[in-house]
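J.: This is what each chain is made of:
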Amino acid sequence: MDVAALTLLALSLPFVGALVAPLLTRLLGQNAAWILALFPAAIVLHFMRFWPEVSRGEVVTGGYEWIPSFNVSFSWLIDGLSLTFVLLIAGIGTLIVLYSGGYLKGHPQQGRFFSFILMFMGSMLGLVVSDSFLMLFVFWELTSITSFLLIGFDHSREAARRAALQALVVTGGGGLLLLAGLLVIWNVTGVTQLSLLMSFGPEMRASPFYLAALLLVLGGAFTKSAQFPFHFWLPNAMEAPTPVSAYLHSATMVKAGVYLLMRLNPVLGGTPEWQMLLPLFGGATLIIGAVLACRQTDLKLMLAYTTMASLGLLVMLTGLGFPHAIEAAALYLVAHSLFKGALFMVAGIIDHETGTRDVTKLGGLRSAMPLTFVIALAAAFSMGGLPPFFGFLAKEEIYYALPSLDRRAMVFAALAILGNALMFAVAFAVALKPFIGAKVETPKSAHEAPLLLWLGPALLAAKGLSAALLSNLTHELVSTPMATAIAGEPRKITISAIPDIGMPLVLSFATIALGIVCYLNLTRLRAFIATVLADIGWGPDRGFDQFMRGLVRFSAALTRRLQSGRLDVYMTVTFVLVAAVLLGAPLYYGELPRAPFFAGDVPLHELAIMAIAVIGLFAVVLAADRLTAIVSLGIQGFAVAVIFLLYGAPDLAFTQFMIETLSVVVLALVMTRLRLSPSDHRPLAQTVPDLTIALACGIGFGLMLLKVTGVPFDASLTDFFNHYSKTIAHGANVVNVIIVDFRGTDTLGEIAVVMVTGLAILSLVRLRAGSLRRIADNDPDAEGRA
Amino acid sequence: MEAWFALLVGTFFTVAIYLLLSKSIIRVLLGVAILGNGVNLLIFTGGRLTRGVPPVIQEGADTLAGPAANALPQALILTAIVISFSFFAFLLVLAWRAYEDLSTDNTDEMRVAEPEEEPAPPLGY
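Chains as they are written, first to last, in the numbering used here: chain S, 293 to 1078; chain U, 65 to 189.
Please keep in mind that the hints were generated in silico from the structure rather than gathered at the bench.
One thing to keep in mind: the hints can contain errors.
[Said to hold, decoys possible] The list that follows gives simulated cross-link-like pairs (lysine to aspartate or glutamate, EDC-like), each with its CA atoms no further than 16 Å apart:
{"#": "1", "chain 1": "S", "residue 1": "Lys999", "chain 2": "S", "residue 2": "Glu883"}
{"#": "2", "chain 1": "S", "residue 1": "Lys1018", "chain 2": "U", "residue 2": "Asp126"}
{"#": "3", "chain 1": "U", "residue 1": "Lys87", "chain 2": "S", "residue 2": "Asp860"}
{"#": "4", "chain 1": "S", "residue 1": "Lys736", "chain 2": "S", "residue 2": "Glu645"}
{"#": "5", "chain 1": "S", "residue 1": "Lys999", "chain 2": "U", "residue 2": "Glu66"}
{"#": "6", "chain 1": "S", "residue 1": "Lys1018", "chain 2": "U", "residue 2": "Glu123"}
{"#": "7", "chain 1": "S", "residue 1": "Lys653", "chain 2": "S", "residue 2": "Glu733"}
Since the structure is predicted, the reported quantities are computational estimates derived from the model, not experimental observations.
Chain U with its partners taken away, still in its complex shape (with noise of 0.2 Å):
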């Protein structure tokens, strides 16, 4: 089973770089979108498969007994998926106010705080 998730999430990681190395600022952010998911799968994959078993305490018992879930990556990643979630909106803004204010999606346009005609630093003391 694990080969099977080894191959999705090296496909997830392939579409996610290879969006994230366009200078379309939109394409770039679907591709943080889908990294999220696939480092997701990565840490989940890690801490083994079980099938079917939600890690929850049986009524009456005082412990997990029997094979479940792993607990342990599904707390990290519900925590991962929130973050990104944020980190997503916000970057959503902020390409929305680039373009507004620049007028492209071009990565390669959006100039204005490293210049390409930077003046020469002071040579003076």
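With the rest of the complex left out, here is chain S (with noise of 0.2 Å):
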């Protein structure tokens, strides 16, 4: 197979995963983690192929063409950044389906969430290798979708069932918002396919539509990315399990948001908007981020708010346009991935082993859990950007790329140090305290975690340490050519685990200093800042409650308007809109027939048939009981009979006399057992808006049908039929002929509909009286009363 194909299979294959995982699941239990993680790893296998190409900076992409006419194709870009990407969804993907096989060991529902888990997968690798807009954009929902479906795995309970809505809401909100600003960019520029564009940036950037596309992107970007104001729904799908929230809620999906910054850089970056919205919303949501996380004492919920604050500080760092942003930005979003997996396992770790993941319920847990205290300090030290792990490095790339005197750059380095000195305290607040002091008591007496458990965040924490100790291949492997992706332009990257000295570890010390401020004094600050957000009381997370009621309650009311329930009010909605349209088009476009030309030479019988169907008519209306409205409905019944019989239809003729007669006799039948008022109790003043809408439909009728009978006639299908009745289909009576042999088919259908009509009524005739009205009144208990 060539390596298109390949590819093409690789990206299937965790949707292949979904399909078998509930059978090997029940199978094998949680050991069909142990298959199931082999899907995840030959996708790394794959994808590793194309490092020598990428770090040599070439940009790979393959595909298949979809819609051609459309210019829609499912295509693929592979170049530094979507290669990360790749590498980090899926080797992070193969650790936690490992993990989530010792989490939700024995869970009756395991099968459906390793199902979930891949398709989620299959969703994020194709959203980061996606070339061609509508594919991204498909994906992107997806992700949405699987984020739902994972959010609300535990769908007994109400809270996960509002987060799951919720993050559906935002996120899935915000990817209508991206598919708009891909039509603008594709409007201005031509092209649907990213790789085609990165060669149209001075266009974008110069395009009349420009700031119109950056904000439609932006508003898919932030809402996936969790910015500020539309942070709130992140934390709180912290009701997943916690696999969940390890894996998409701060090593992946959370980071989609950024990868679309990233890869539209080159195209949409460096002008004066770019450069003010991006550091403005990624600042505040660092420091709101680092601030709330503070605050928590939920192990998960601490993870979480830093998780929004570190997306903060990448999306401001890919905004800055300083020398190095970029860079930098490139090493922190690998060091995230890797240590905030590696803690949120930690967290799961001891969620499941003690049964609580309050901080302040926890401590002593270094001597029953000494694995899992190594990792966790493993990954908070990399967090915390303490020397030898990648952490490290990228925080001095971040305080390399701000050491500028100018005001802009103070303001942004002293964001960062204060929102990396909280996230310093949280870190070691959740890898050390419980871990350090006196053993408290805890629901379950805590023990090491089993293999499965232990495994993944081991793995992560450990390649935090190698790949900074092993930069220089990390560097060319990965950063080096994620950053030149992002830049545009090539972009190198040096920094090592041996710290240089100058103005970065001048502020990495400051912000250490600061961060163990913090980290003793953290009760204190907790408190401080629970008293000012009481003090706020009003939160985005509160206006999403009200702002979904007040949809419902919006909703609930326009459709009682629209659908009142009353036959009438929907009849005469729909012929003023039919008689609007029959008498307005014609005289908008000036198209009313001609003055109509009443024939003197009709001959009398004839109109003598159409009085007496008019008079017929007349009856019908104002019959004083109810058989003189059905003898009058036959009246013009048979006059229209009489009508088909003159006018060379004897066939049609027919027909209606023995319809009409069926009708009279059947209505007599029925009527007869009604006690029905005998005539038509209209007031006045309906009977005025009534006859007024009802001319107006019949005036427009008539007028279409002078119009249409003033047109030259089209004869060729009735030639047709003519010509071929007797040569084709061998009779003479051609309308005969049309139905049981050129129509045949249609007339097969009119038999059915005849004969199930016949059903109904039999079953309508059949079912006890009063059963309906249980059915209506949708009783389960009336049956069994019954």
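Reconstruct the complex from the two isolated chains, following the hints.
T.: This is the structure in structure tokens:
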């Protein structure tokens, strides 16, 4: 197989895994994880083959045509940025699958969980390798949907349902903004592929629609990456099982927005708007996230808010436009995925083994869980930016990017130091505090986690160390190609785990010192933030509830207005519209028929028949009792039959005679069983508008018929039937031949309709009286009582 | 001739729609029956009128020669007559059953499925 086919296979592997996961889990229990982990592992192996090209700075594209006429393709774009993401998604995904095997051991829905996780993995992989806009959008929304399924996995709890819906509404709505943004970009540049778009940067930035495209794309990216004020869904998403939090809501999905910004940086980036909006929102998110993280006592929530802060830092770095900022973003993104994934899994282990995640109720676990303690410390060192871990490299690079003395750089340097210091404090509050000090009684007696649980975080933490120690290799394979792809021009990263003496190191020391102070005063800090938040009271999370309730109330009120449940209202609206179209359109276009010419040479008997029909019609309306109405209905029906007979349609006439007779008989049979009011009790206030509408419709149909008969007649179909009835279908009566031969299938359908109607009538007649009401009342107990 | 037919069709539609706008279910039914006839006449006239000559091929001939009524609208109407009758019969029985169960022929009072005081939709999650 060639590379394209293999890549397509690799991209579809997670979905295949999702299909077989439930069955495998039923057969093997939690050990199915070992087999299911092979799927993402195979993807990692496949995509590693692109390393040589990508590390040379080349871009690999490939794919298949999808809808060529719309210029839509299923194509991928593999460069430093997407390859790094693919390896993170599939690599961490492998570990997450294993971890889920241990975490949800014995859960009745474990197979479903594996299935969802793998579906998400496939969507996320598709998102980051997408070259075509449409594919990007489809996978973007698929990640939202799979995230919805995963957050709502524990669907019997209302909090989980609410969090799932909230995530879907926020990120799915953002996806629609992204779609609009992509359409704007398509309109401006005329291309639908990211790889082609890269050379359109100048045109895009000069376009009058630049700001619109930018705001729409930012709307998509900021909702997905939980930027303030759209951040609230992310902490709520912690309702999901911990493997989901570790995978979607720290390492991968929430980075999709950052990915999008990085991807479009060469096209949309570098403008004053870009350099103002991104650092502004990113910086705000960084500080708010870090502060809110200190407020929490739940391990997962602390980590969730620091994830929000880290995403803010990434957005800020992407938009700053300083030298080294892009490189710092690339390094920090990788470092964050490694340490945050590990820390989430550690939090899950603690929860799983002790029965609580409340940091104030944990302590002294180091003797019971030494291995977990080591893993947690390694990840926390990376998160705190301590050497020799990868997070240290990332933080040094950040401080390289913010060295100058102009005011803007100093503001953002201060933000970065404050944010990093707070995250340092939270990192050790999560990774150190539960393990040291006196042993605290926990709901479950703590003991070391099984292999399936500690393997994933251990490997991630080890990766955070080895990536830093082998920094040259890391930079060559990952960071440098990634920074090059983000910047759209060659970049080189050289930073290593051995610190240089200089300004960045000073800033690092300042951060660590501030971080230690915060850590030691965390309880006081927490109380202070809680007081401030209580004073503010309102937040976007409550705003979401108000918005959703308002939406439900509004749509209920609107529906009740439009769907009044009254037949005469529906009828009136329908016929007013019919009259408006029939009369309005010809008036608007000046297409009224010429004044009708009432020929005088019409035979008297024809006029007499018409007059009888009209008399029958009026008699139906004016009839004082039911029998008169029924008979009058017969009069107009028979008159129509005679008209058919006079104008060369004997078949129609006979059918009409028969049907009218039947109608009158059936009507008389049914009507005599009803005790109805004999006449039409419409008050004058209703008669006048009803009559006006009816007259307007009648005039409209009459005018339409005049117009139709005024244009030349195209008889080609009739000629066809006249010509071939005998020669092809061997029938002399053309009407009958059309019915049974040329349109035989249609007639078969008609017979079926008549038969179904007959069956429906039969069942209606046979239903016991009173049973309909119970169905309508929807009372399930009625059947039992009856 | 077409002008007379247009007048007649207009009258059919006027009467049918006036009846359809009624609140009494039986009048609505009568309106449905009349509307069917009106539509059939509309199609019939739209296919042009020819007096007296049905579209039947003479014995010995292979094709229909000379002026004859248009066969195509006739075939369509033939189908329509049968369908509208079965529709009418179904509606009639439905109305009868509705009357038996709900004891009313007023459409405004048939509110079992859509009660006047519908409870508010749930606001939770």
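J.: Next pair to validate is lysine 87/U with aspartate 860/S; report whether the Cα-Cα distance is within 16 Å.
T.: 6 Å, holds
J.: Does lysine 999/S pair with glutamate 883/S here, judged by a C-alpha cut-off of 16 Å?
T.: 8 Å, holds
J.: Within 16 Å, alpha carbon to alpha carbon, are lysine 999/S and glutamate 66/U?
T.: 10 Å, holds
J.: Take a quick look at whether lysine 653/S and glutamate 733/S sit within 16 Å of each other, Cα to Cα.
T.: With Cα atoms ~8 Å apart, lysine 653/S and glutamate 733/S stay inside 16 Å; holds.
J.: Is it true that the CA of lysine 1018/S sits at most 16 Å from the CA of glutamate 123/U?
T.: OK: lysine 1018/S and glutamate 123/U at ~10 Å, within 16 Å.
J.: Is lysine 736/S close enough to glutamate 645/S, meaning Cα to Cα at most 16 Å?
T.: Since the Cα atoms of lysine 736/S and glutamate 645/S sit roughly 7 Å apart, the hinted pair holds (cutoff 16 Å).
J.: With the threshold set at 16 Å, check whether the alpha-carbon distance from lysine 1018/S to aspartate 126/U stays at or below it.
T.: 6 Å, holds
Of the numbered hints stated above, none is contradicted by the structure.
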